[in-house]
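Undergrad: What follows is each chain in one-letter form.
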Amino acid sequence: MATTEQYVGQPMLRKEDAPLLAGQGTFVDNQTMAGMVWMELVRPPYVHATVDAIDTSAAAAMPGVIAVLTAADLEDAFPGGLPMVWPITEDIKLPTHWPLTKDRVRFAGDAVAVVVAETRAQAADAAEVVMVEATELPIVLDLEEAAKDEVVLHEDLGTNVVVHWSHGGAGDQSVFESAPVIVQERYEQPRLIPNAIEGRGCLAYGIPAAGEYTLISATQIPHILRVGLSLATGIPQAKLRVIAPDVGGAFGSKLNVYAEEALALALARHLRRPVKWIEDRGENYVATTHGRGVLHDCTLAGTEDGKILGMKFVELADMGAYFQLLTPGIPELGGWVYMGPYAPDAYWYEFRGIMTNATPTDAYRGAGRPEATYVVERLVDAFARRIGKDPAEVRRMNLHPPFTEATASIMGLQVDSGDYEPAFDRALEMADYSQMRKEQAARRESGDVKQIGIGLSSYIEMCGLAPSNILGALRYVAGGWDAAEIECRPFGQIVVRTGTSPHGQGQETAWSQIVADGLGVSPDDVEVLHGDTSVTRLGMDTYGSRSVSVGGEALRRAVEKVKEKARTIAAHELEVAEDDLEWSDGAYRVKGVPDKARTIPDLATSAWTAHALPEGVEPALEGTAVFDPPNFTWPAGTHVCIVEVDTETGKTDILRYVAVDDCGTVINPMIVDGQVHGGIAQGIAEALYEEALYDEHGNLTTSSMTQYLIPSAMEIPRMELDRTETPSTTNGLGVKGIGEAGTIASPPAVVNAVVDAVSHLGVTEVGKPASPERVWRAIQDARGGDA
Amino acid sequence: MIPAPFDYVRAGSVEDAIEALVSREDAKLLAGGHSLLPAMRLRVARPATLVDIGRLSDLSYVRADGDGVAIGALTRHHDVAASEALQEMCPIVPYAAGQIGDPQVRHLGTIGGSVAHGDPAGDMPSVLMALDATFVARGPSGERTIAADAFFTSLFQTALAPDEVLTEIRVPRAADGWAYLKFNRRAQDWALVGVAAVRSNGGARVGLTNMGLTPLRATGVEDALNGGADPATAAVRADEGTAPPSDAFGSAEYRRELVKVLVRRALEEAMA
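So the protein sequences, as listed, match chains A and B. So in our numbering, spot 787 of the first sequence is number 787, and the numbers just go up one at a time. So in our numbering, spot 248 of the second sequence is number 1248, and the numbers just go up one at a time.
Derived by calculation from the structure, the hints in this document are not laboratory data. Built from N, CA and C at the ideal position, the CB exists for glycine as well. A portion of the hints provided could be inaccurate.
Derived DEER-like restraints, expressed as beta-carbon distance ranges [stated by the list, open to error]: (1) A:764 <-> B:1153: 46 to 52 Å; (2) B:1010 <-> A:136: 43 to 49 Å; (3) B:1025 <-> A:119: 22 to 28 Å.
This is chain B alone, in the form it adopts within the complex (with noise of 0.2 Å):
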């Protein structure tokens, strides 16, 4: 419970942020804390200095982009799940906000976090993914935009340069019909399994949580609706190309079995 030794910077800005990233060895960022610090007390992560961008204020807002909502990464789980504007345009993410860990782990948690963790267990990477999120990473030679399918690269592992910081999420409007299935043994655990669906075109865009070592689309559902099939026979086809775990929660093949039923359940409700 006691973390091995670190340095500790407060960055002021986000240039001052990513000059840490540059100048320093093994610098991780941290936010609002809820997966480094709990890693570190185990240390299972031990990184030499911790470049605190908590108080970055700038980077926490929520507002309409064009035919969209851009968020600030800094923004906690909790005014996310609050958003006006979130609840308008785009109601599976603050849907899903509210689904995360407790009360508490929401004041402190923020998306921006949450994303970059890159955990395949996450409830957001999920659903940004069934979005077609964008994400905006600033780094030493400036601005870039990253596509949620590109972004999620590998286990606690994404698109973002070690001198790179996640600044804004961008997700288009998306309102018509959606459903996000949390299935957890208990309120404030990660995904067993999580299906985020999105009403697209007649179809529908579908995202899963724990089914592998990222966030991944059910690609074999959205071909199978897009051909005409229907939630409960597009369903079936929900665990193709996932890798899925097996741990204390649950098994690989009770995972595979379970998609299908949430990814059912999901669409039935998305595409009401």
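Next comes chain A alone, as it looks inside the complex (with noise of 0.2 Å):
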């Protein structure tokens, strides 16, 4: 039905929620096959180890197992190892990496056998009796222990440092050394575990005789995930599907090409029946990827009054015991954003990637832009206290003037535009900054048992993944484009194929919200197709807040090729010259007679019965584009966080928490809000309660939801949002990327509160995540200082 409501801009109710709701979500594990088996895989209970023997007899015996196999036996199964896309150096050293490892055990999520059996329970029991011989050898966490070589863990590669990434640095380097000010600072941030809600899981099925196989995959890359797998099995891709059922969240840990999931579709081949594999919680922990893990020393050179002028940042980062697919990669994500929203002079920034025996590090919410933003909020904090000066008046006078063309930065890209005052301004009204500050000092003067603590972090980050030839520059193995095809049905209906691969962000609604308007019809007509390869040709997926500024800017160019055609026909039937057509009110009008009109749903109809088409014109209204973006976009913001810490407990509550953001044009409010909510607390746990912590075994102690401290609604504080809007000028919609803003921006904001509120005791870092010990020992220390 055509409409000529206005969509874009609305905050719609999501579409794809009723099936979730109601329970009637296609995750993978609600699908089951005929003849479907139980794929476990059998992780032994080392780190560190040299496999010796494999004895699966014991386990070949059970109740229900249809196989055992180790590496050995599937020696043909891989013509190549799991891919790394990202050698970010032409020097890297690239670890080889199989589905099963031949004969070594680097960290505890490394598998050693699989197991097929008829149930999961079978297989599970049946994984616990598959016997491993194996030597322990010393194992390495520590980054500069890592560093040292005297535990390496891949010997062929001769060393733990596999890569080293300079910047090259910008401006005059000499101002490190001859600043009237020099800041310098230590800021270590844990590893995090990424706990999507559902966790990874895949079926494996196929034609063995037609050599055809399908994969469907929790994952949020079906369409890479097809190249991936197609390399690692030697299956060719004109004969594998993958298929991206609904996901439950991904954060980046689905960002990749898994072990389990080329077991699983080599083991469809080899056994010729379906393989399903479900991962648990306890493995989600140790084999699915981790986020952060991360060392920077920091120095900030600046003036007595507050100028910033210069920023140098050396990282060293945790790679864990193997490259998965983006792994050394991420750290070089945030390479670009370490000026934060400010103008240094000079700016350097360097890392050294860094095998150790844990889980591999991968994509996480933000992947190397949080890492970044930590440090550099955390640092213009140390710097405005070292001064004697107020943050916000030290941020405020370094921010960057605004733009809104591109505009090249001391990084070295273009950003896109900018206007950072005002959120800035904004932030700090809708806190009252200054009237707490004032009680701040009410309640230091009183000597307060809870102190007030206020934080800032003002960010900008880099999203829009991305600009295909800066990826080719940056020897990123492929491109940063997307596609999307209308299909205009007859009688009103529209189809939309999106390479973009929604996982939780509400694309369906807002690719409807976009299409609605460009094509005059209700968001109700419009279906949105996605995560099936055979259904949707081209497309590079979702991540990095990629999709509306990527995806959907393809998909408002298909709209305007739906258009050119549909005005062709138009023309046609009114009897008029195109130029006499104008499209107003959701429909080609004759200018000046607008009775006389076609809407789009009458001339997908006449396209598709093609009675009457003009000469040259071909039968079915469709429009295909793909779009690769010119630049990446570029949103900003400034968050403000309040807190009051218990100074005898430690404990932080937060009081308020401000976000003021600016992600461009916004489709759709309700989904951006929601985005900046589940951001901001995922920011929030980073900051006082998340952390994988080790034993001196490098066991991982926080094993399960238990003790890894994911905080509920119960912790997180009510969020008081804005926005401010400054068109990106990377595409057609103005729009710049929401997804990662509110877990880029929100880290720093909380632990600057944290270290504001017991500042004037002394304390001038707590360390991440602010928990009430770390607080506590924070004060106990400053105490000592002062006896």
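Hints given; two lone chains; assemble the complex.
TA: Rendered as structure tokens:
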């Protein structure tokens, strides 16, 4: 049905939610097939060991067991190892990474064998009795220890320091020696476990006689996965279909080509039966990629009155025991935002990637940019403390001046647009900043047990991954474009195929809004298909806040193509020249005679019946566009966190959280708010609760949700949100992306607030997460220092 | 996440349950299942048989019992928290029950299960220690009562024999002054440290959560109070005789200092 309502900008309820809320989602574990068998991996209880012998006989004799296979049994199944697609330097050292490890276990998730059985329980029982003889080796988890190479994970590489990437610097580096104020700080950011609400899982099946296979996987990248699994298993891409059904979140942890996916496909081929694998939460904690795990040495050069002259960061980044799909590229992604929203004259960033006996790291919501923003914003606070100035004042005087056209930044890339001060001022106004400072002073004066702290974080992020030419220059092996197809069915329905792969973000709704406005129809008449390589041929999937700025723009361009063809048909039917038509109120109308009109549903039906199309016009009203962005998008904003810290126990309560973000044009403000809420909750988790902890043997002690502290709704405060809108110049929609902003901005706002609450006691650092014990210790140490 | 194989028996009565415990090797009682089942799913606990007593509704009650309250062992935490009799006679018990886990846990977990599990990090055991509660157990040779002080013997160990079923918890009237301070990182967590304080005869009885292998009484604090010390002075002795764990939530050293702060605050609240 044709309509003239404006949908972009409206907080439309999400059309994808009804089946999810009714328990009718298509998640992998909801799917079953005749003849299906279950796969279970054998992960021996070692963190670092040589595998001397594997006895599978007891397991093979267990009820229901169909096969027990080791790497040796599957030698021919994998022509290639698991892919890593971002060799960021020419001399990067590349560890081999097989789906089953051959002779050495290097981390707790390394599997040495697979068991296949008729039921999941039988597979689990049998996996327990696969006997692995192993010789334990010394382990190394600490980054500086690992860099000494006393314990080397991959002997063929000769070192754990597998990659060194340097931005190369910009501006006069001598300020780091000669500036009037030099602030040097070291910040450690522990590993985080992504914790998508649905773990990983997959179901592989095929027609072996035809050599055709399908993998249903809880993945965020069906298109990239098809390429990667084809390389790993040798199944030609033309015979390999990958389906991402409903996927219960990912946060980057399903942006990968995993051993289990390759194994399930190989076993479906080997056993000629459908093979299913569902990860349990304990496995998820060791076998699914982790995030963060970095150590920064930071230098800020400035003046006594608060001008930032230079920012310099030297980082050690924990790669884990192998490279997963993007592992070494993650720190580099942050390498372009270490200037924050400021305008320093000098810039330096470099990092070394270090192998350790822990789960491989990879993208985790924000991927490199939260790590960068955390140290930048902590460092600015340290600078303000050093020179005795208000951190808000220091930030405001250093904000980059506004610009509406793409502008070169000190770090070497063009930033699409930016106007940082309005968001900054609005955030401070909403937080009632000066009043809060007065309350803080009063509490300090009275010596209250509970002290108030105010933390700021101003950020810029690089999203909309990515211009293919820049990816190429950065040695990434794929492109950054995306695609959309619009098919106008007769009688008014429109089918959209998007190359993005939403897994909770709400694209079905947002895409419907864009198409509805563009084609003058109702969003209810737009069906958005995604996540199946046989349905959407072209695509680069969903990660890096790219979907709307790349995939959404491809869709906007496809809309234009549909309208172009529709116009030709409309002119023919209305017997006027195309120039005599105008698009208004959701239809092509004859100028001056608005009642003479054709809507897109009318024209789609004409194009489908094809009874009387103009000469040379092909039947069917369709449009396809592939969009390669000319630049990244650069959202920005300012967050303010106000906390109350109990100085006797060290416990922090968040009193208020204010966020003002600029993600360019907004398609659906409700979805944007939801992304910000979730991102901030995850950032608060990072700031106050979550960290992966290991014992001296290298075992993960935070091995379940009992010990790994994901906060609940009870710990997360109500958030006060607002936005400024500086349209991006990178795409026609003006959008910048919002999936990661909350996670990028919030950790330093919260930790800065905690430090601020107790800084009058002499505390300058508490660490992350700012647990009650860390805060308590920092206070004890500061008091001890006074004595 | 898949438990090791086990047999399952549903008990129709307490006698049934006792009979199953006597006749089967390595049998465990299943009540609300909120401690046992997670341990089984991790294959940390591998009982050969589960004896399910979850449907013995005659063990779910709260009723006045002389100058106290008797609570059936299978009473769910939610029902304990909502009990008017307890709120009137012994309000620390429903308050603490409301602090356990989250609503889903409280609607399935039982007071008896929480006690019989013997977890020093559980909220209810230290509260019952502070109250000098009495536990009623039934076994093949009949019924007996066990004092709270004698009940918790070691980590996850109690005075219950392998063939005994905990049937009732009796608490005295204690409505004059009380406090339960649960310190945790997240609302649904076990206590990093918990302190139960109940006013009595000018002093107070103080129970400690997660400060050792069992729930403990802060005897040093109680002695100091009996000797006339004020709460702040008495609280300094809160870690006497404790052996707190070090774990992902906090170190033993931190817990030793934290308990002093919490005991002081709990006493100030209970004795105000």
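Undergrad: Enumerate the violated hints, using their earlier numbering and listing them in ascending order.
TA: Failing hints: none at all.
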